[in-house]
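Fit the two chains together into the complex; they arrive one by one in their own frames, and the hints show the way.
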Amino acid sequence: MTLDELFLLIPQWILLAAAAALMLMEPFGRPAGRRRLGLVTVAAVAAAAYALQLQWGLEPRSIAGGMIRIDGFSLFFQWLFLVIAGLSAVLSTDFNQREGIDRGEYYALLLTACSGMSLAAMSEDLILTFIGIEILSLSTYILAGFKRRDIASNEASLKYFLLGSFATAILLYGIALVYGATGSTQYQAIRASAALQGEIPALLLPGLGLLLVGVGFKIGLVPFHSWVPDVYEGAPSPVTAFMAVGPKAAGIAALLRILAEALPGLAPDWTRILWLLAVLTMTLGNAAALVQSNVKRMLAYSAIAQAGYILVGVVVHTREGFTAALFYLVIYTVMSLVAFGVILALSGPGDRRVHLDDYAGLGRRAPYAAAAMGITLLALAGIPLTGGFMGKFFLFGSAVKAGFVGLAVIAVLNSVLSVFYYFRVLVYMYMKEAPGGTTDIDPVSRPVWAILAIGVLLILWLGVSPDRFLALAGYSSLGLK
Amino acid sequence: MNPYLVLSLLLFLVGTTGFIVKKNVLAMFLCVELMLNAANLAFVAFARDLGQLQGQIFVFLVMVVAAAEAAVGLAIMIVLYRRRQTLNPDDADTMKG
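Line order of the protein sequences matches chains D and C. Under our numbering, the first residue of the first sequence carries the number 1, and numbering increases by one thereafter. Under our numbering, the first residue of the second sequence carries the number 482, and numbering increases by one thereafter.
Hints listed in this document are in silico derivations from the structure and should not be mistaken for laboratory results. Every residue gets a Cβ at the ideal spot worked out from N, C-alpha and C, and that includes glycine. Check each hint, because a few of them may be wrong.
Stated by the list, open to error - So the derived label-pair ranges between C-beta atoms look like this: (1) 503/C - 269/D: 28 to 36 Å; (2) 556/C - 269/D: 38 to 46 Å; (3) 57/D - 495/C: 46 to 54 Å.
Stated by the list, open to error - Examples of chain C residues toward chain D, derived with CB under 7 Å: (4) 493; (5) 495; (6) 507; (7) 517; (8) 524; (9) 539; (10) 546; (11) 549; (12) 550; (13) 554; (14) 557; (15) 560; (16) 561; (17) 562.
Claimed, not checked - To be clear about the criterion: a stretch of chain D counts as covered by chain C if any three or more of its residues have a C-beta under 8 Å from a C-beta of chain C, and this derived list gives those stretches: (18) 139 to 153; (19) 160 to 172; (20) 310 to 322.
One chain only, chain C, in its complex shape (with noise of 0.2 Å):
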């Protein structure tokens, strides 16, 4: 099996557990891209792999993606700390039920 495929895989366990344990809002968001760039990883490896171009043009597609993401979400992150002074998604619990 391709290695890099076996690193993609790794990338992408780290990106999740990380997700799931982490406290940190921006943390949470890191391991998110982190995820990303796994799958970025796969499909330049699969591409290899199959000898075609396609996955490494999926790949800048994705990046414009995530960097739009990116901009969104450290938006979000901005307004709420404004309002809260704090980045712990568990502070955010005015609804409950």
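Bound conformation, chain D alone (with noise of 0.2 Å):
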């Protein structure tokens, strides 16, 4: 690796630097420093948004001997990482203080996760692509469990820690028997091997299936799934914010690059799978929240569906469907930090007040949570005017010029479902009375309220004039292919 590689990651630097002063504040550090845990994090974040900001208009090239590729598509998910992992160590500062839980190595652990996800989007090699998730998975399998006197934090770490460990083992199978169809584990090399063969390896298939099942479960899709709604329940809720949206993200960037880079050959094969996984996943993921009373796992549920709706902008495999896709992916990432930051403003010691009565008259009680709650609402349920609206109308609409009609047919028709479970909770919030006894809603810090207040500016201006983002998506996607 040449000098010149070495400046092309300093975001990552920049993000472990800084994991490993944050783990030193811990035990070294003044009590009175404690506050500044989320500060140093911040300001980390900052920095490698700024390093990252030098590299625009780069030409597009790999590094590390062909295992990371540097281009559009590479900062796209980088920059996404560095806002989801800076706004949720805004989310966490206060929540972690009032849980007494306020420590070091939380904040260094979801720097640790970002550059694992940012590792597992920019590499073009399936064994970087492994590691990456993998140090994604183990900073998350700790940080569900960080509260460690909560028995539904521990049973959500030991369940995501179990079924995630399974999926790794058989996403590690699935590059192996590429590896041995292919020669290689690099993508460009796997595809040019797969095309000079002309028919596919025998063992080629099977490997595909592994790894889609392995990314599958990381990324939470229908039938893999059983774990989410647990995790998303007992974890920390500013830790749910998190892996509502980074994991996800990491797995959706992880599986574009194997499939649209290393895989094109069989495409067929691999839509035909996804189709389905994706029919599944929006399915029963609407179908099963709308049973929920508990509001964190009923956007659990939600969040499922959510990923069913991104996977159609991969299964159409166009530039258009991919760009969709990653529109998409920001919007549902602004709406998911905004629901999950307002739950966990409002859940109160011991994160406790997240049932479906506690939103109860919620409109008078606290106004503007309410409404940033409902707006949120909306745009998940991709009423126009949001920013989901415009998100699913690219997405579906990129499905049907592709020819899928069947299947944004079946995601119209989710989206409808999912409509009446979104709007329990605003019928709750605007149209029941408090029942008696319920205690007042606990002040809500500013920081905190500055990010719901420009994640909510944000879903309503992507709604209007979405053509900024949408050009960086189409950007971004241009990596691919």
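Structure representation (structure tokens):
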């Protein structure tokens, strides 16, 4: 690796150095320095974002012996992950102090998870993709169980770990089979070898299947989703917010790179498999969300369904489909972070008030928080004038143009179905009286307010003029193919 | 076909089946380790068939990952065991729905 190549990885170096510094601040820093942990994290993310921005407009290139690709796609996802890590850190600080888990490791793990996700998105080699996903997974296993004295958090962590490591092993075996079939783990070499041999090597299809199962687990696709509701419900709320967007986006990024760059020759096969997975994921996610009475759990099922929508863009596998998927990922990230942000702002000590009944009469008790939640739920349901509508419009539009009319129809029907459970929360917030004895809402800290306000504005802005972000997504999807 | 590949496939199947049927967190974790090592064996066997060194290097990377996973996993199990005095994953059922 030349010095020039090392410079391109500076954003990652910054994240890792800050993670190490945070770990040292924990034992050696003064107790009064605790409040600064979140600040250091945000500063590191901002520094990494600045270093990243310097790479804008560079010629796409492969570095590290063809293992890492620096192109629009890498930049796009690194940006997205930095934003996710920074916002999660801000959402975490007050929550963590309230719950007594404000420790350096927490923020260090957020940053290592962020660099793992970035590696998975930049990687052009199955082994590096595997390692990136593992760095991410190991960090999130610990984060999910960070409230050590809370039994639900313990269980969330255990379930995530068991099923996650099972998925990892399946993914690795898939990689081994692909390696055996094509003689390489580098995407370009796999692509060339599969094309050269004319007929598809026998081991490649089972390898592809295992790869899809492994990544499907990480993204939380049905039928590999059984861990999602329990883990999202049990984990501390800011961690849930992080997990709902970060690992999901990283999984989609890895999937896009593998399918579009390494295995375009198998497109007929993986389109068929992913078509089925997308339909199952959307339908079962929405159906299960209908019957939930815990808001956090309901949003967990909704997150599963949303991953199904994003998968539509992968199934379509045209440039337009990829662009729409990336665009929807941005919107989904904003919507998810705001929704979970409201939940954690309202949940109260011990993270307890997450039941639908706790949201009754919220429109009067906490008008601003209720408005933020309301707009976000409308966006998640895909109501026009919100970013959610625009995202779905481009996704399903790309499906129709590429001839996947059936898939688009199923997706639209699913959106209609999802309206029911999103609107039920709205009904509770605005049309029900608060039951007697409900305690008042805790004051929400200023940084959290700022994030909620910016998020809501972004949702509305993307619903009216999506051009800029769409152009960005389009530029990024150029890296594929 | 390379006999080592057959062995690797068998190991993988044993690991997968074990993970699904076992009712003990530690045993399930050992099954995952079995699956990882099955993949390692496959890497080495393929590397020999292909006359490459790459596949053998991957094994070392996978071993490091497996060690890190073991460290995290055992810590999680210990925390849960302190709370519940059980290693049966079915007892971890606080959340439903």
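Results for each hint:
Remark: the range hint 28 to 36 Å for residue 503/C to residue 269/D is upheld by a beta-carbon distance near 33 Å. In this structure the supplied range 38 to 46 Å holds for residue 556/C paired with residue 269/D, their Cβ-Cβ distance being about 40 Å. Checked against the hint of 46 to 54 Å, the C-beta distance between residue 57/D and residue 495/C comes to roughly 52 Å, which is consistent with it. Hint status for residue 493/C: holds, given a least beta-carbon distance of 6 Å to chain D, under 7 Å.
The beta carbon of residue 495/C is not positioned within 7 Å of any beta carbon in chain D (closest approach about 12 Å), and the interface hint is therefore violated. With 7 Å as the threshold, the beta carbon of residue 507/C stays out of range of chain D, its nearest partner Cβ sitting at about 11 Å, so the hint is violated. Among the interface hints, the one on residue 517/C holds; its C-beta lies about 5 Å from the nearest C-beta in chain D, closer than the 7 Å criterion. A least Cβ separation of about 5 Å between residue 524/C and chain D falls short of the 7 Å threshold, and the interface hint therefore holds.
Because the closest C-beta pair between residue 539/C and chain D is about 5 Å apart, less than 7 Å, the hint holds. Given hint, residue 546/C at the interface with chain D, holds; its Cβ is 5 Å from that chain's nearest Cβ, closer than 7 Å. The interface hint given for residue 549/C holds, since its Cβ lies 6 Å from the closest Cβ of chain D, which is under the 7 Å cut-off. The interface hint given for residue 550/C is met, as the beta carbon of that residue sits about 6 Å from the closest beta carbon of chain D, less than 7 Å.
A hinted interface residue such as residue 554/C counts as satisfied when its beta carbon comes closer than 7 Å to some beta carbon of chain D; here the least separation is about 5 Å, so the hint holds. This hint holds: residue 557/C has a C-beta 5 Å from the nearest C-beta of chain D, less than the 7 Å allowed. Interface restraint check: residue 560/C against chain D, minimum CB-CB distance 6 Å, threshold 7 Å, status holds. Satisfaction of the interface hint for residue 561/C is found here, the shortest Cβ-Cβ separation to chain D being roughly 5 Å, below the 7 Å cut-off.
Residue-level restraint check for residue 562/C is violated (minimum Cβ-Cβ distance to chain D is 10 Å; threshold 7 Å). For the stretch 139 to 153 of chain D, the stated coverage by chain C is satisfied: 6 residues place a CB nearer than 8 Å to a CB of that chain, which reaches the threshold of 3. Remark: the stretch 160 to 172 of chain D is confirmed as covered by chain C, as 8 of its residues place a Cβ nearer than 8 Å to a Cβ of that chain, reaching the required three. Counting residues of the stretch 310 to 322 of chain D whose CB lies closer than 8 Å to any CB of chain C gives 0, which falls below the minimum of 3, so the coverage claim is violated.
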